[in-house]
Structure formats: C-alpha cells, structure tokens
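Each chain, written out:
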Amino acid sequence: EPEVTQTPSHQVTQMGQEVILRCVPISNHLYFYWYRQILGQKVEFLVSFYNNEISEKSEIFDDQFSVERPDGSNFTLKIRSTKLEDSAMYFCASKWERSAFFGQGTRLTVV
Amino acid sequence: EDKVVQSPLSLVVHEGDTVTLNCSYEVTNFRSLLWYKQEKKAPTFLFMLTSSGIEKKSGRLSSILDKKELFSILNITATQTGDSAIYLCAPNYGGSQGNLIFGKGTKLSVKP
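Chains as they are written, first to last, in our numbering: chain A, 1414 to 1524; chain B, 1374 to 1485.
The hints are simulated quantities; they were obtained by calculation from the structure and are not laboratory data.
The structure presented is a predicted model; accordingly, all values stated were derived computationally and were not measured.
Check before you lean on any hint, since a few could be wrong.
If you want the footprint, here are the derived chain A segments under chain B, 3+ residues with CB under 8 Å [what the hints assert, rightly or not]: (1) 1452-1460; (2) 1491-1500.
Here are the simulated SDA-like cross-link-like pairs (lysine to any residue), alpha carbons at most 20 Å apart as the crow flies [as the list claims (entries may be wrong)]: (3) Lys1455(A) x Val1400(B); (4) Lys1480(B) x Val1400(B); (5) Lys1410(B) x Lys1441(B); (6) Lys1477(B) x Ser1422(A); (7) Lys1414(B) x Asp1499(A); (8) Lys1414(B) x Gln1477(A); (9) Lys1477(B) x Gln1454(A); (10) Lys1413(B) x Leu1452(A); (11) Lys1410(B) x Ile1451(A); (12) Lys1414(B) x Ser1422(A); (13) Lys1410(B) x Gly1467(B); (14) Lys1455(A) x Ile1446(B); (15) Lys1413(B) x Asp1475(A); (16) Lys1440(B) x Gly1426(B); (17) Lys1413(B) x Asn1465(A); (18) Lys1413(B) x Asn1464(A).
Residues from chain B that keep clear of chain A, each with C-beta distances beyond 12 Å, as calculated [claimed, not checked]: (19) Val1377; (20) Gln1379; (21) Val1385; (22) Gly1389; (23) Ser1397; (24) Lys1413; (25) Thr1417; (26) Met1421; (27) Leu1422; (28) Gln1453; (29) Ala1463; (30) Leu1473; (31) Gly1476; (32) Val1483.
Quick reminder that beta carbons are idealized off the backbone N, C-alpha and C, glycines included.
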C-alpha cells in the first residue's frame, strides 16, 4: 500500500542551525502539506503546495520556513535559524481527491 | 479562535463499552470532514464524510455528518484496548483542493 515517507524520523539540532525535513509523497498525489504538532498540542497547519508553488500558508509559516519540491518526488521543509520553540513533530501529508494521508513524522528537537 | 471543537477532550471506558465522540466545526467553503486516529505518531485516516446523513462504517467504527448543524460524530462499538488513541476531527475547507484544520482531539483510553 502506498504511503508517505518522511526522513529523518528524529532530528536533533542546535539553536540557530538550519534543518531540512524530507518527505516523499504518494506518487500520484498532487497536493502536499506540512503540519506540525508541538508535544501535547493540536496538529497545526503550516503550508500547502501544488503545482510547484505554495497554495496557502499559515501565520506560523514565516520567513524562517521554506518548502521545495526539488526533483519531482521529494518535498522538503527547510527551517532556517531554528529556535527552541520549533521543537515539534513535523508531519508531511499528501492528498488525493479529498482524503489526506500522513507520513510518520519527523521529531525535531532544538537544543 | 477555535474553528473545530471536539468533545469530550478525554474519555476513559472499559472494553466492550460503546463511545460517541463529537466534533463541531465552523469553516468557510466546507468540502468534507475527515476523522483520524492518532496513536504514537502520525494520524491515520479513518473516514471522509461529504454528505449529511449518510453513515460511513468500518468494522466497529461508524461516523455521520450533519452539514446543517455543522457537526459530526464518531461511534465506536464494543471497544477494545487497541482503540486507545487520540481521535482527530479535521474539516477540509477552502479553495482549490482545500486545507485541513484539526481539532484538539479526543483522547480515548480503553481499560481491560
């Protein structure tokens, strides 16, 4: 069964460093999303992506964040100059029709 | 500003009990409503609801949507310990293919 895969599963980084979170969406899906979930809190929307450009982004998705689909399969989230409060679980999702499927997430820990 | 409200936030039951989880929402350009189960990591897809009054079923789980009252429920009958999880409700709304907004979830604990 096709699935969304994310790497790495866990990333520890020092404050101020840049991180890149990677996702391989399900191959025939066209819409891609990044969400984050701070421990104990609800899943929050970051950004949606379609046709190689951002469709929508939340207030959380400021200039510190960027997304890219560099090679037609991978979908990346870059966080520049990480802050302690960026520590969270980051989920990638891809969508077919109206059902969205999530990857297993990357746990980002900023120290 | 909560656009998705789930209740209860937490629920403890015993195996064999039946539970009803509630979700009310307020979004513009509603497209569908999705239910997910979140155990240790990623939300896993359960149901997608688009029409009022049509029950979706999968084994012991069922769900129904009321688009007039902006409400959905998820029922689980004959609960098992493996049903212990956080259940998330997420309306899909907006233009193009839309976006999902999540509620805080209902944490269900099923005791043996």
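### Pairwise hint evaluation, Gly1467(B) against Lys1410(B), where the allowed Cα distance is 20 Å at most
23 Å, violated
### Message
Is the claim that Lys1413(B) lies outside the interface with chain A correct, judged by CB distances over 12 Å?
### Response
For Lys1413(B), whose nearest Cβ neighbour in chain A is about 9 Å away, the distance does not exceed 12 Å, so it is violated.
### Pair hint Lys1477(B) and Gln1454(A), alpha-carbon separation not exceeding 20 Å
7 Å, holds
#### Entry: Cβ separation check - Ser1397(B) to all of chain A, threshold 12 Å
15 Å, holds
### Task
Take a quick look at whether Lys1413(B) and Leu1452(A) sit within 20 Å of each other, Cα to Cα.
12 Å, holds
### Task
Would you check the hint for Lys1410(B) and Ile1451(A), treating anything up to 20 Å between C-alpha atoms as holding?
Distance ~17 Å between Lys1410(B) and Ile1451(A) Cα, so the pair holds.
### Query
Can we confirm that no CB of chain A comes within 12 Å of the CB of Gln1379(B)?
9 Å, violated
### Query
Holds or violated: Lys1477(B) with Ser1422(A), Cα cutoff 20 Å?
23 Å, violated
### Query
In terms of Cβ atoms, is chain A entirely out of 12 Å range of Gln1453(B)?
About 23 Å separates Gln1453(B) from the closest Cβ of chain A, which puts it past 12 Å; holds.
### Message
Checking a non-interface call: every C-beta of chain A should be farther than 12 Å from the C-beta of Gly1389(B). Is that right?
### Response
Consistent with the label, Gly1389(B) stays out of reach of chain A, its closest Cβ about 29 Å off (over 12 Å).
### Message
Against the 20 Å threshold, does the CA-CA distance of Lys1414(B) and Ser1422(A) hold or violate the hint?
### Response
The hint holds at about 10 Å.
### Exclusion check [Val1385(B) not at the chain A interface, CB over 12 Å]
18 Å, holds
Of the numbered hints stated above, those contradicted by the structure are hints 2, 4, 5, 6, 8, 13, 15, 17, 18, 19, 20, 24, 25, 26, 27, 29, 30, 31, listed in ascending order.
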